[in-house]
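Here the protein sequences come in this chain order: A and B.
Note that the first sequence covers residues 686 to 974 in my numbering.
Note that the second sequence covers residues 1031 to 1300 in my numbering.
Please note that a few of the clues may not be correct.
[Claimed, not checked] Taking beta-carbon pairs under 8 angstroms as the criterion, some of the chain B residues facing chain A (in silico):
#1 Pro1051
#2 Ser1068
#3 Leu1072
#4 Ile1130
#5 Met1135
#6 Ile1145
#7 Asn1232
#8 Phe1257
#9 Ala1274
#10 Leu1285
#11 Gln1286
#12 Gln1293
[To be verified] Label pairs and their calculated CB-CB ranges:
#13 A:Ala881 x B:His1128: 41 to 49 angstroms
#14 B:Ile1047 x A:Val835: 47 to 55 angstroms
#15 B:Trp1163 x A:Tyr726: 53 to 61 angstroms
[What the hints assert, rightly or not] Lysine-lysine pairs mimicking PhoX-like chemistry, simulated, CA-CA at most 20 angstroms apart:
#16 A:Lys866 x A:Lys779
#17 B:Lys1037 x A:Lys879
#18 B:Lys1095 x B:Lys1244
#19 B:Lys1125 x B:Lys1033
#20 A:Lys879 x B:Lys1033
#21 B:Lys1125 x A:Lys692
#22 A:Lys879 x A:Lys779
#23 A:Lys784 x B:Lys1291
#24 B:Lys1033 x A:Lys779
#25 B:Lys1287 x A:Lys784
#26 B:Lys1183 x B:Lys1291
#27 B:Lys1037 x A:Lys779
#28 A:Lys866 x A:Lys879
#29 A:Lys779 x B:Lys1183
#30 B:Lys1095 x B:Lys1125
#31 B:Lys1216 x B:Lys1287
#32 A:Lys731 x A:Lys745
#33 B:Lys1216 x A:Lys784
#34 B:Lys1291 x B:Lys1216
Since the hints were derived computationally from the structure, they do not count as laboratory data.
Every residue gets a Cβ at the ideal spot worked out from N, C-alpha and C, and that includes glycine.
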Amino acid sequence: MKKRNGKMNLLYIPALLLLGLFVVYPFAQEIKVSFFKWNGYSQNMKFVGLNNFIDVFHDKNFWTAFRNTLVYGIGSTILQNIFGLAVALLVDTKYFGNKFIRTITYMPIMISGLIMGYIMYYFLSFDNGVLNDIIAVFGFGPKDWLRNPVIGVLAILIVNSWQFAGNCMIIYLAGLQNIPKVYYEAAAIDGVGKFACFRHITLPLLVPSISTAVILNLIGGLKLYDVIISLTNGGPGHSTESVMTYISNRYFQAEKAGYASAIGICIFLFILLVSIIMNSYFDRKEVEL
Amino acid sequence: MQKNWWKYLCSILIAVIYLLPIYVIVVTSLKPVTDHSSRLSLPRTLYWQNYINVLGDGGLLNALKNTAVISVGVVMIEVIVGCLAAYPIARNRSKFNHVIESLIMGVMMIPPLSIVVGVYSTLVSLNAISTYWGIILVIAAFNLPMSIYLYIKFIRSIPVSLDEAAAIDGAGIMQVFFYIILPQLKPVTVSVIIMRGVAAWNEYAYSLYILQQKEMYNITLTVKQYFSENMSDLNSAAAGAVVATLPMIIIYLFLQKYFIKGQLDSAVKG
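For reference, chain A alone in the conformation it holds in the complex:
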């Protein structure tokens, strides 16, 4: 049997080769490059020790990008979960049209984040933008929304949350359908109100769904990239940049490969830390119940 098992293990060799060549080796390469000053293509690499990492901490644009990344991550998590849960609660009840609502809330996920950003450009553009048409009805003059850094960040946050709220909705819908109906029947007999039912039955029993949805959204939001490129391209200046867009900006536009690598390593460690903390927090929470 032992020999049989050994032979069986050969089956994961293709997977290990693929991951080794295109993820693990580049990862090691990235760590190496982060200690060098390098433009990304020449033979000329100069060892600079930890200087790139020190530069990261003194780079104002990096901290803007980092702050935006937190806004995109935490903001989308909150918006998507609240909206997703609300739609799931609505669609979970029986009425004509609930399937249609479920279908259209999940539909934008089929569209590339990049193209979604361009679609939203028709709403936010200065010339002939839909939003300007709408505010004109209330007597306001047209505004150039995406020229304003704060509105730019908010627009990216809202578009991203809107597009992917369907994920949460599906996860919560499955969670709601797994709650045995007898709990609600028992509560109804005891004369418990609707809100109390939600607070003391639905919410606690949804904790596994909540933890899944929160972790998925948070990690997804911290990696946000596509929609930023099409909506603002990180501008004006670097004010709406996320860490991911800033890395590729530093590498491909500024030709600072070593510096971009150092940022990459830092953000990798940060996301790793966040997911470890979140996982252990929710594991405890699930055990408590």
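Go by the hints and put chain B onto chain A.
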């Protein structure tokens, strides 16, 4: 009906929020560029020239072909390499394989763009820039841990006694895999194909750097080009965006229940 009025109110609100962007882009794509009416108004006549423009120059059709090739390639690798790798990890639970499993799952934690410098310079030294295999292998590698995870979870739910019975009857490892395990993997394979297929179809971040020659562009790069070069002709750009998006929307509307199942299968705490 009267008791449910608030449900209908909320539903109408949600429908407006979700359908308005799609309405706007479709309507814009059917108006001539000289039409400066509000983007919310319906076109006076259906103006198909924008579609003829984007389909006529050949770029978009070629991009659709490239994207289809890339998506099929990515999905095939993830299915074949994924289920092969999952089988020994799910069945042969030695300490060593546990380490392999944690390693593969650890790769899932690396955000693809955080190591763009390493990946790009590796691809340059492999001469993989502007090739199908370069982009296919990179997308497949980053998503592989997820498909392996799905297959491991699924294979562990198949009783081991089935494998053992077949082994006692003299079946080799590959025979057990092909005749006992593989036929049962259909539901999870559908999930992998759907979720990974959509992701590959819409991929942008790595395509931007790997597919540098115009004839290799996928749909996201082509649509981006419409929007950055033709800022004066946003109506043709809208037609391009509609054509690029339509295939996935149609597939979704027909196979909705598989998408929902796929979404639930892959909702793991990364």
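Hint check results:
no., hint, in the structure
1, Pro1051, "5 angstroms, holds"
2, Ser1068, "5 angstroms, holds"
3, Leu1072, "14 angstroms, violated"
4, Ile1130, "6 angstroms, holds"
5, Met1135, "11 angstroms, violated"
6, Ile1145, "5 angstroms, holds"
7, Asn1232, "4 angstroms, holds"
8, Phe1257, "5 angstroms, holds"
9, Ala1274, "6 angstroms, holds"
10, Leu1285, "11 angstroms, violated"
11, Gln1286, "6 angstroms, holds"
12, Gln1293, "5 angstroms, holds"
13, A:Ala881 x B:His1128: 41 to 49 angstroms, "45 angstroms, holds"
14, B:Ile1047 x A:Val835: 47 to 55 angstroms, "22 angstroms, violated"
15, B:Trp1163 x A:Tyr726: 53 to 61 angstroms, "22 angstroms, violated"
16, A:Lys866 x A:Lys779, "14 angstroms, holds"
17, B:Lys1037 x A:Lys879, "16 angstroms, holds"
18, B:Lys1095 x B:Lys1244, "13 angstroms, holds"
19, B:Lys1125 x B:Lys1033, "60 angstroms, violated"
20, A:Lys879 x B:Lys1033, "15 angstroms, holds"
21, B:Lys1125 x A:Lys692, "16 angstroms, holds"
22, A:Lys879 x A:Lys779, "16 angstroms, holds"
23, A:Lys784 x B:Lys1291, "15 angstroms, holds"
24, B:Lys1033 x A:Lys779, "12 angstroms, holds"
25, B:Lys1287 x A:Lys784, "11 angstroms, holds"
26, B:Lys1183 x B:Lys1291, "15 angstroms, holds"
27, B:Lys1037 x A:Lys779, "10 angstroms, holds"
28, A:Lys866 x A:Lys879, "14 angstroms, holds"
29, A:Lys779 x B:Lys1183, "33 angstroms, violated"
30, B:Lys1095 x B:Lys1125, "45 angstroms, violated"
31, B:Lys1216 x B:Lys1287, "15 angstroms, holds"
32, A:Lys731 x A:Lys745, "24 angstroms, violated"
33, B:Lys1216 x A:Lys784, "26 angstroms, violated"
34, B:Lys1291 x B:Lys1216, "13 angstroms, holds"
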